[in-house]
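Chain U: place on chain L using the hints.
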Amino acid sequence: MRAPVLILGATSDMGRAIAQRFAAQGYPIQLAARQVSRLEPDKADLEIRYGVAVSVHEFDVLAVETHASFIQQLPEQPAIVICVVGFMPEQKACEQDLSLTLEVMRTNYEGPAVILSLFANVFEQRGFGALVGISSVAGERGRASNYFYGSAKAGFTAFLSGLRHRLAKSGIQVLTVLPGYVKTRMTEGMRLPPLLTAQPQEVANAIFTAIEKKKDVIYVRPIWRWIMVIIRWIPEPLFKRLSL
Amino acid sequence: MSSPMTPRGSLKTLCGWGRYPVQTCHVYCPRSESEILQLLKRDLPLIARGNGRAYGDSALNGEATLQMRHFNRLLGFNPHTGQLIAEAGVLLAEILEIFVPRGWFPLITPGTKFVTVGGMIAADVHGKNHHKEGSFVQSLDWLDLLTSEGQIYRCSPSENQDLFYWTVGGMGLTGVILRAAFRLRPIETAWIRQTTRIAKHLDEVIDLFEAAQDVTYSVAWIDCLATGSQLGRSVLILGEHATREELPAKYRQRPLRTPQRRKLSIPVDFPNGALNPLTVRAFNQLYFLNQQRQASQSFVDWDRFFYPLDSLLGWNRIYGRRGFVQFQCVLPLSTAREGLSALLHCTSAAGAGSFLAVLKKLGDQQGYFSFPMAGYTLALDFPMSQRTLKVLDQLEEITLHYGGRFYLAKDSHLTPMRLRQSDARVETFVKVRDAQQWTVNFASEQSKRLHL
Chain L
-4 MRAPVLILGA TSDMGRAIAQ RFAAQGYPIQ LAARQVSRLE PDKADLEIRY GVAVSVHEFD
56 VLAVETHASF IQQLPEQPAI VICVVGFMPE QKACEQDLSL TLEVMRTNYE GPAVILSLFA
116 NVFEQRGFGA LVGISSVAGE RGRASNYFYG SAKAGFTAFL SGLRHRLAKS GIQVLTVLPG
176 YVKTRMTEGM RLPPLLTAQP QEVANAIFTA IEKKKDVIYV RPIWRWIMVI IRWIPEPLFK
236 RLSL
Chain U
126 MSSPMTPRGS LKTLCGWGRY PVQTCHVYCP RSESEILQLL KRDLPLIARG NGRAYGDSAL
186 NGEATLQMRH FNRLLGFNPH TGQLIAEAGV LLAEILEIFV PRGWFPLITP GTKFVTVGGM
246 IAADVHGKNH HKEGSFVQSL DWLDLLTSEG QIYRCSPSEN QDLFYWTVGG MGLTGVILRA
306 AFRLRPIETA WIRQTTRIAK HLDEVIDLFE AAQDVTYSVA WIDCLATGSQ LGRSVLILGE
366 HATREELPAK YRQRPLRTPQ RRKLSIPVDF PNGALNPLTV RAFNQLYFLN QQRQASQSFV
426 DWDRFFYPLD SLLGWNRIYG RRGFVQFQCV LPLSTAREGL SALLHCTSAA GAGSFLAVLK
486 KLGDQQGYFS FPMAGYTLAL DFPMSQRTLK VLDQLEEITL HYGGRFYLAK DSHLTPMRLR
546 QSDARVETFV KVRDAQQWTV NFASEQSKRL HL
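In the order they appear, the protein sequences are chains L and U. Numbering-wise (this note's numbering), the first sequence opens with residue -4 and increments by one. Numbering-wise (this note's numbering), the second sequence opens with residue 126 and increments by one.
You can trust all of the hints, since none of them are fake.
Residues of chain L clear of chain U, computed beta-carbon distances all greater than 10 Å:
1. R(-3)
2. Q20
3. G21
4. S50
5. Q67
6. N116
7. E119
8. A125
9. A153
10. L158
11. T192
12. W221
13. R227
14. L233
15. S238
No farther apart than 27 Å at their CA atoms in a straight line, the calculated lysine-lysine pairs in the DSS-like style are these:
16. L:K87 - U:K137
17. L:K178 - L:K210
18. U:K166 - U:K573
19. L:K178 - U:K137
20. U:K556 - U:K573
21. U:K137 - U:K166
If you are wondering where the hints come from, they were derived from the structure by calculation, not from laboratory data. Bear in mind the structure is a predicted one, so any value in this text is a computation, not a measurement. Where is the CB? At the ideal position from N, CA and C, for every residue including glycine.
The following block holds chain L by itself, in its conformation from the complex:
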């Protein structure tokens, strides 16, 4: 039997879509989230639809001191770990509220980096596996409208890049996913350009294919690669005056 796919942040729209995509291919699924009771319906759903084994696990990305024991108590070590955790409150609120600022930094960078580096050690010893981090195009350049979230994601992107470098020789895949806009709870109520906005299922499909093809970094909608090239290349004096 195949080793399972672990999804960290499984109650999110993207987490649910990813779980469905892998379950549809017959992978056993481990769902992890802070409120473990909210995962029970998803467990039932995946089991009925796809006939795969599903287990649920309590996981608090901010409680980094528990991460090692979280990995130890898993009934089976996963083949693939996908970290979907993310938190993006209003930028304005972050500027006024230090605790919110910290929560953004810790949820989007510290926690995901800690849990994935612990898994990296396990995978390295074992000699196979894939580690997937959902980062963000917001991490490619800091912008006034979103730089707390963006800088944490920038850190996470750099972390994934370094981890990939380290593990290149041991055959462990490290995949950085840059989704661009996605229609989820996080972006609800925002006016998003349809051409640039992916559905959670598209993200799930892109991840599934990227794992099969052993990719390193993917933009879910290819157009984002070119948009970010332009945004990165705008000279700072000009960039300062743009509202982005």
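Okay, now just chain U, sitting in the frame of chain L:
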């Protein structure tokens, strides 16, 4: 991540399947019960919306429309009883895709599979087997309802019975349906053994229906433009789930698999008026010729038999940008012949050719506010225009005269007065809604229009 937030709403332009009326709504897409609770606490009336397949304004509310599609999990299936437990936003199409290959079929299904579980309960939908097996409530073991007080009640024929029978057919006006348990039937094959009969006029089709009492599925397509002695000319379609034995050898190997059908979609709005008496007449002629040429008995896969229009994705666009209205009433057995004849006369006299005209025999009904009653139901649709509105007025008057009533899931035109004249249960429903404070929390554009 952090504490459960009140879901952010967004302004969206919504309409029903008929694309009339169109309404700007504050739309909320909750992911959890606690988010719905937060919204209920504001005491602004809201309406739950499934897949938007009610034709008119049943699932619209300008103040707050709850998009329930994130509640789309299957929670349990018992292979001994066929009982499926599902969240309200699960689509019937998903259920079919998963369970037909496993040998199960919904006990009751409406004529489209693009409806949600919640929607099927709220409208207490009926299908081609209503005369024999009743409406959706007959297959329903229980439902969980989130009510005005913010409580979740398990409702069934034996538990919170009144709430149960007001909720089925209650058009979402009693609370938010969260999940439900209902039964599927075992099937040996995914095929229907279909028999077609041509009826030369209305009397003949009714005779054929009466003779086919014991057949599980029956429905008739009427040529609405036929007049005089041909009034009510129709094709009666009868069906039974085929057993494995009955199947032709080529299907018998894998009896639960059916060929994939090509889906056509209507990519653009047809020009207003593309459907006119001439084109409809041409369509009906072709349809009848085709039916006459086909062998009277054949094996049809479940998708083509139950959901012939679903293969034409977005078929509502053929009516053009102005949209269309559907009219569906039921007449009691005692007046059915006379009343149907009057309704068809009115339609053909107005030259307002209806593209689809469906006639179906209905049986008795359980729900306190469900649409069906023992008799005959006629469904017609018309492209939206000023003339159509006049025809609807006449059709409604005729229905009242013959003691019939109207299907709210199709309606976008009735007045409070006519609804009350048609159905003595309305007053009771309104009284209960007031007494239970449901009016504070639950309303749709339809309930506002009809003073429910």
